[in-house]
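Going down the list, the protein sequences come from chains C and L.
Here the working numbering runs 7 ahead of the position in the first sequence, where the first position is 1.
Here the working numbering runs 275 ahead of the position in the second sequence, where the first position is 1.
FYI, nobody ran anything at the bench for these hints, they're computed from the structure.
Just so you know, even glycine gets a beta-carbon here, dropped at the ideal spot from N, CA and C.
Some hints could be false.
As a list, the in silico DSBU-like pairs of lysine-lysine whose alpha-carbon atoms are at most 30 Å apart [unchecked claim]:
| hint | chain 1 | residue 1 | chain 2 | residue 2 |
| --- | --- | --- | --- | --- |
| 1 | C | 226 | C | 247 |
| 2 | C | 226 | C | 216 |
| 3 | C | 216 | L | 282 |
| 4 | L | 398 | C | 54 |
| 5 | C | 226 | C | 44 |
| 6 | C | 226 | C | 197 |
| 7 | L | 493 | L | 398 |
| 8 | L | 278 | C | 216 |
| 9 | C | 44 | C | 247 |
| 10 | C | 54 | C | 44 |
| 11 | L | 398 | L | 282 |
| 12 | L | 398 | C | 197 |
Which bits of chain L does chain C cover? Going by a derived footprint, with three or more residues having C-beta under 8 Å, they are [to be verified]:
| hint | region |
| --- | --- |
| 13 | 287-298 |
| 14 | 413-421 |
| 15 | 531-542 |
| 16 | 551-557 |
| 17 | 570-577 |
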Amino acid sequence: MAATTATTYEPTKEDFEFLAGRDITTDQNFASQSYWKGVAIHFLRDKRAMIGFGIVLVIIIFAIFGPIFSSYSYRDIVSYVDESGKEVVARGIAPQLGLGGDGPFADRMFLFGTDDLGRDLWTRTWQGARVSLIIAFVTIFIDMIIGMSYGLISGYFGGAVDNIMQRIVEVANSVPRLVIVSVLAIFMPKGMGLVIVALLLTEWIGMSKIARAEMLRIKEQEYVLASRTLGAHSMHIIFKQILPNTIGPIITQMMFSIPTAIFTEAFLSFVGVGIMLPQCSIGSLIESGFNNITTLPYQILPPIIVLALQMLGFNFIGDGFREALAPKLEDM
Amino acid sequence: MAKYILKRIGLAVATLLLIIFVLFVLVRIMPGNPFPSERMSAEQIANKRAEMGLDDPILVQFGRYMVNLAHGDFGKGTSLYYGAPITTVLTTCIFNSFRIGGLAILMGTTVGLILGITAALNKGHFLDHFCTVFSILGVCVPGYVFLIFLQYFFSYKMSVFPYFFDASRFLYSSILPALSLSLFTMSTVARFTRNEMVEVMDSDYVHLAESKGMYGSKLVTRHILRNALIPIVTVLAPLVVDLLTGALVIEKIYGINGIGKLMVDAIAGEGVDYNYVLALGILYSALYIGIMLVVDLLYGVLDPRIRVSAKEGDA
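Produce the entire structure from the sequences given, and follow the hints as far as they go.
Given below as structure tokens:
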């Protein structure tokens, strides 16, 4: 029968395409990458995080260079002596570019105007931003070190050590920050030191809780057991081997603590126990703006906008970092 | 459960006592003297110290203080409202603060919940985006800044609301401070409610309930909201306390005679008034611990699993 004469097809060389130059051995779609590279890529792709990063960067740049390149000092009153020997002070000038016009200071540039005493607000605002950023970074960094060590040690040793250390945290956590500030106000002079110490005493607690939770998650893993079996010292295991694996959530917590620190500083300075004259901070600028709001309403805007942008920026970065560290499936 | 509650209450009371003790010792061992010394001679100060029993051993002083405290007596201020018993001053202040704080909590949670629920139900639509922007704004701009603006526009420019707080027209004059006080809570509650609801709405058991034909408000209240509420209560608890501490600036701006303003007067003036610091410290700590206790117990009501594990594990 002819039906059975179906021929088997012999593939020829022309049927195949030579994939020269294309790397077919590596799986591009599911390529393995290091954890931190993945985090970085995810973070860089996150629009919100990048916006936050940009905002923070701009504010930091202005806070560093704003006061340096300004022709005024943040603490000096702008004034000159006119022909008749009378001193003319640049009091309460609305924002102007200095393009000329009427008035004794028409040719001077005051981007944010001047305050009720005649100081340039552009310089003062960035000086204030500088002060609050310095306070935030310094305190949060120290708090991270304290909180992280405390939490890691407490979590690692467990048992009675953990029990005692956690009771201390509980008590420390039950004291409202305001109470700490008020007791500190008895012992310390008001000023930047008071703000820093108050933040140091409160902000480490959150950090230690996160570090402890991470420690409890990690310490049962095999590599810790292996290390311990090989005779490694506890401190070596905690700080050299486990710490690098807990750093992600701790950095996230830091990013959220920085706005808290900025907020606290602004709030304490506003109330009058924070930054003292002639120094200025965002909080004290808002306070002086508030005191003069009926006569010089534009004064309050620059420090408020800078404060809001700082909060926004750090919150966005924190959010982005948190998502980059533990991406949910839907975000991939 | 009863054992768990008792244990939890006992722990809270012990913590509070410890804090009172530490506060008392800290305030009493401080250097210098508690009186505005330039107005008093050395002899007067010595008399005053003896009158107040400041030269006794610290434990004796503490015992006396605790006995007085048990009778509701906080002593007298050393420089602030000279001579008036702290308890009297404190009662008025607490009354004002709590009414405004309570109003703010009420407004913050209800509006926040409604906003969060509508946003979650309209995920991806205009209301959702509005909720997101609103909650970002509320978290980034402190409440007192809102109050400054509200006060400037509505009181100073338009004269719709009073410029300062007036206890005789309580509700009318507390709208602005309560509103600005509640903004942070409102935005936080809205954001958390939205995120939690979106998460819960995507879970298997909600899909099951839907496939069984359940819909509308019954599904939302019985199945979705109840599970979404647990994390919300967690974030709400510290916020409730913050409403009292955040009220500090708001009370200062709006001239409200509350505990926040009292605290500012006690620490930010010329001299620090130790007795007021002590009394307010105890009050704040007691509030804080009390609210944390309530929240802990509330978990058990909201989440049966915690109730069960508390019974079994005797946590």
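Evaluated hints:
Simply put, residue 226(C) and residue 247(C) have alpha-carbon atoms about 13 Å apart, close enough for the 30 Å limit, and the pair holds. Proposed proximity of residue 226(C) and residue 216(C) is supported: the alpha carbons are some 15 Å apart, at most 30 Å. This hinted pair checks out: residue 216(C) and residue 282(L) have alpha carbons roughly 22 Å apart, not beyond 30 Å. Proposed proximity of residue 398(L) and residue 54(C) is supported: the alpha carbons are some 20 Å apart, at most 30 Å.
Of the supplied pair hints, the one linking residue 226(C) and residue 44(C) holds, its CA atoms being roughly 24 Å apart against a limit of 30 Å. Of the supplied pair hints, the one linking residue 226(C) and residue 197(C) is violated, its CA atoms being roughly 43 Å apart against a limit of 30 Å. A hinted pair counts as satisfied when its Cα atoms are at most 30 Å apart, and residue 493(L) with residue 398(L) qualifies at roughly 19 Å. Distance restraint check for residue 278(L) and residue 216(C): the Cα-Cα separation of roughly 26 Å lies within the 30 Å cut-off, and the hinted pair is therefore satisfied.
For the hint linking residue 44(C) to residue 247(C), the alpha-carbon distance of about 21 Å falls within 30 Å, and the restraint holds. Note on residue 54(C) and residue 44(C): the hinted pairing holds, with a Cα-Cα distance of about 17 Å set against a maximum of 30 Å. For the hint linking residue 398(L) to residue 282(L), the alpha-carbon distance of about 43 Å lies beyond 30 Å, and the restraint is violated. For the suggested pair residue 398(L) and residue 197(C), the alpha carbons sit about 48 Å apart, so the restraint of at most 30 Å is broken.
Coverage of the region 287-298 of chain L by chain C holds [criterion: at least 3 residues with CB-CB distance below 8 Å; count 5]. For the region 413-421 of chain L, the stated coverage by chain C is satisfied: 6 residues place a CB nearer than 8 Å to a CB of that chain, which reaches the threshold of 3. Here's how the region 531-542 of chain L fares: 4 of its residues keep a CB closer than 8 Å to some CB of chain C, so the rule of at least three is met and the hint holds. Only residues whose beta carbon comes within less than 8 Å of a beta carbon in chain C count, and the region 551-557 of chain L has 3; three or more means the coverage holds.
Counting residues of the region 570-577 of chain L whose beta carbon lies closer than 8 Å to any beta carbon of chain C gives 0, which falls short of the minimum of three for the stated coverage.
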